[in-house]
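Once you've looked at the hints, dock chain D against the given chain Y.
Protein chains in written order, with the numbering used here: chain Y, 1 to 219; chain D, 1 to 219.
It should be emphasised that the hints constitute simulated quantities derived from the structure, not laboratory data. There may be inaccurate statements among the hints.
A pair counts as met if it fits within one copy or between any two copies, since identical chains are not told apart.
[Claimed, not checked] Straight-line C-alpha distance at most 30 Å; calculated DSS-like pairs for lysine-lysine:
{"#": "1", "residue 1": "Lys160", "residue 2": "Lys15"}
{"#": "2", "residue 1": "Lys12", "residue 2": "Lys48"}
{"#": "3", "residue 1": "Lys46", "residue 2": "Lys218"}
{"#": "4", "residue 1": "Lys56", "residue 2": "Lys217"}
{"#": "5", "residue 1": "Lys110", "residue 2": "Lys12"}
{"#": "6", "residue 1": "Lys217", "residue 2": "Lys120"}
{"#": "7", "residue 1": "Lys48", "residue 2": "Lys217"}
{"#": "8", "residue 1": "Lys170", "residue 2": "Lys111"}
{"#": "9", "residue 1": "Lys12", "residue 2": "Lys56"}
{"#": "10", "residue 1": "Lys113", "residue 2": "Lys12"}
{"#": "11", "residue 1": "Lys218", "residue 2": "Lys37"}
{"#": "12", "residue 1": "Lys170", "residue 2": "Lys48"}
{"#": "13", "residue 1": "Lys217", "residue 2": "Lys15"}
{"#": "14", "residue 1": "Lys26", "residue 2": "Lys218"}
{"#": "15", "residue 1": "Lys160", "residue 2": "Lys41"}
{"#": "16", "residue 1": "Lys41", "residue 2": "Lys67"}
{"#": "17", "residue 1": "Lys218", "residue 2": "Lys48"}
{"#": "18", "residue 1": "Lys41", "residue 2": "Lys217"}
{"#": "19", "residue 1": "Lys12", "residue 2": "Lys67"}
{"#": "20", "residue 1": "Lys160", "residue 2": "Lys111"}
{"#": "21", "residue 1": "Lys170", "residue 2": "Lys41"}
{"#": "22", "residue 1": "Lys26", "residue 2": "Lys41"}
2 protein chains.
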Amino acid sequence: MEKRHPRILFRKRLKELRADVEQMGKEALSAYRDSIKVLLKYDEEKIKRIVETADKIDEMNYNLEHKTLSVIASEQPVAGDLRFIETCIKVGGHLKRIGYLASNITEVAKKIKDEEVPEKPMDDIIHMADIVENMVSKSLAAFLGQNMDIARELRRDDDKVDDLFDRALKDITQSMFDDQETISYLVYLLFLARILERIADRAENIGDRTIFMITCKKP
Amino acid sequence: MEKRHPRILFRKRLKELRADVEQMGKEALSAYRDSIKVLLKYDEEKIKRIVETADKIDEMNYNLEHKTLSVIASEQPVAGDLRFIETCIKVGGHLKRIGYLASNITEVAKKIKDEEVPEKPMDDIIHMADIVENMVSKSLAAFLGQNMDIARELRRDDDKVDDLFDRALKDITQSMFDDQETISYLVYLLFLARILERIADRAENIGDRTIFMITCKKP
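So that you can see chain Y by itself, here it is in the shape it has in the complex:
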């Protein structure tokens, strides 16, 4: 029995890392969801919570990094275990970024809250936002469940987001043409589309890392 104890402790520490990433994922997803709600219905209180959540995820990521490095230093894991730990660090970094991007969305919400945003570009944005929400959720499921199929789907989703971004770009510039008065706030809609695209990229990256963790091959 003597020799088994350290192994059991090691497994426990890996499980803890996974639980930390899961918690960070939940926070990031909820911050993102709320940021889209705030876009549709302005809410100062909610914005405050989103900004706090982003900072909290940053703090959690900082702790996660330290934990992972201390596990590596003390346990000297190899192969699959090492790849799992590396992936935790990477996924944590992406989730932290998603938290801050959600917080950036609330800044756009502030800029457009008193404007009558034309329907067409806003529809594009909301369509993008829905797919992106799905992607973040899928990326967590892929990593936590070590599920290759879901991870692969993220690449197709990201292509969809890229297409929608191009359409949003076209519709936004068209609205600027149609009514010059809109230019001053429609620029923020452009930034918003970019933020959504970047969140989608992060979700895709989480999927790619998951594939790499399982197969040891870059997708």
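Structure of chain D alone, referenced to chain Y:
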């Protein structure tokens, strides 16, 4: 003597990590500089090289990550050494991102190459680009020379970039008002301003990590 050998080897491995980051930094800075040149004078060949450099830095970063984790696993470093190694991973990640952002700048160059971009927003952009170049260069000097003063300067520089970004945003939307025909390509100038801002953020982050590495306190 017997006991000294592993220590000497360990120091050698740390030096190697530093040299790797230095090389990545040189590549990232040169890709960025070239991307700004391409913006002013379109050059297909140069663009190809920038895109290749971004991929090369990505590959170097991938190798750096593996090297760092293997040093941690085999040497179990503590305190200052561990913080140095962690900082190498972080700085590597930022440099990789700067490489891809330089590659994004070349996409903007493609979009605006046949347009007569109004002088005023372009002046703002070039002014921003100069400060950002300086920041990337300073961030490398701060990390490689473990220089707190330079690292602290980056915070002030970043404030300057933020101000210039706001001015560029104002000038670009004004140009859109003045001449509607410009809207379709001026949106890319907006994206460009955002890319520059993001590169500045990465440089500032490298400075912050350097301060943390030296003082063990978040700036």
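The hints, checked one at a time:
| no. | hint | in the structure |
| --- | --- | --- |
| 1 | Lys160 with Lys15 | neither (34 Å within a copy, 44 Å between copies) |
| 2 | Lys12 with Lys48 | neither (35 Å within a copy, 48 Å between copies) |
| 3 | Lys46 with Lys218 | between (39 Å within a copy, 27 Å between copies) |
| 4 | Lys56 with Lys217 | between (33 Å within a copy, 17 Å between copies) |
| 5 | Lys110 with Lys12 | neither (44 Å within a copy, 52 Å between copies) |
| 6 | Lys217 with Lys120 | neither (41 Å within a copy, 48 Å between copies) |
| 7 | Lys48 with Lys217 | between (41 Å within a copy, 26 Å between copies) |
| 8 | Lys170 with Lys111 | both (21 Å within a copy, 14 Å between copies) |
| 9 | Lys12 with Lys56 | within (24 Å within a copy, 38 Å between copies) |
| 10 | Lys113 with Lys12 | neither (47 Å within a copy, 57 Å between copies) |
| 11 | Lys218 with Lys37 | neither (35 Å within a copy, 32 Å between copies) |
| 12 | Lys170 with Lys48 | between (32 Å within a copy, 27 Å between copies) |
| 13 | Lys217 with Lys15 | both (24 Å within a copy, 29 Å between copies) |
| 14 | Lys26 with Lys218 | both (26 Å within a copy, 26 Å between copies) |
| 15 | Lys160 with Lys41 | within (26 Å within a copy, 33 Å between copies) |
| 16 | Lys41 with Lys67 | neither (39 Å within a copy, 48 Å between copies) |
| 17 | Lys218 with Lys48 | between (39 Å within a copy, 23 Å between copies) |
| 18 | Lys41 with Lys217 | neither (44 Å within a copy, 39 Å between copies) |
| 19 | Lys12 with Lys67 | both (13 Å within a copy, 26 Å between copies) |
| 20 | Lys160 with Lys111 | both (27 Å within a copy, 22 Å between copies) |
| 21 | Lys170 with Lys41 | both (25 Å within a copy, 27 Å between copies) |
| 22 | Lys26 with Lys41 | within (22 Å within a copy, 47 Å between copies) |
Hints 1, 2, 5, 6, 10, 11, 16 and 18 from the list above are not met by this structure, while the remaining hints are.
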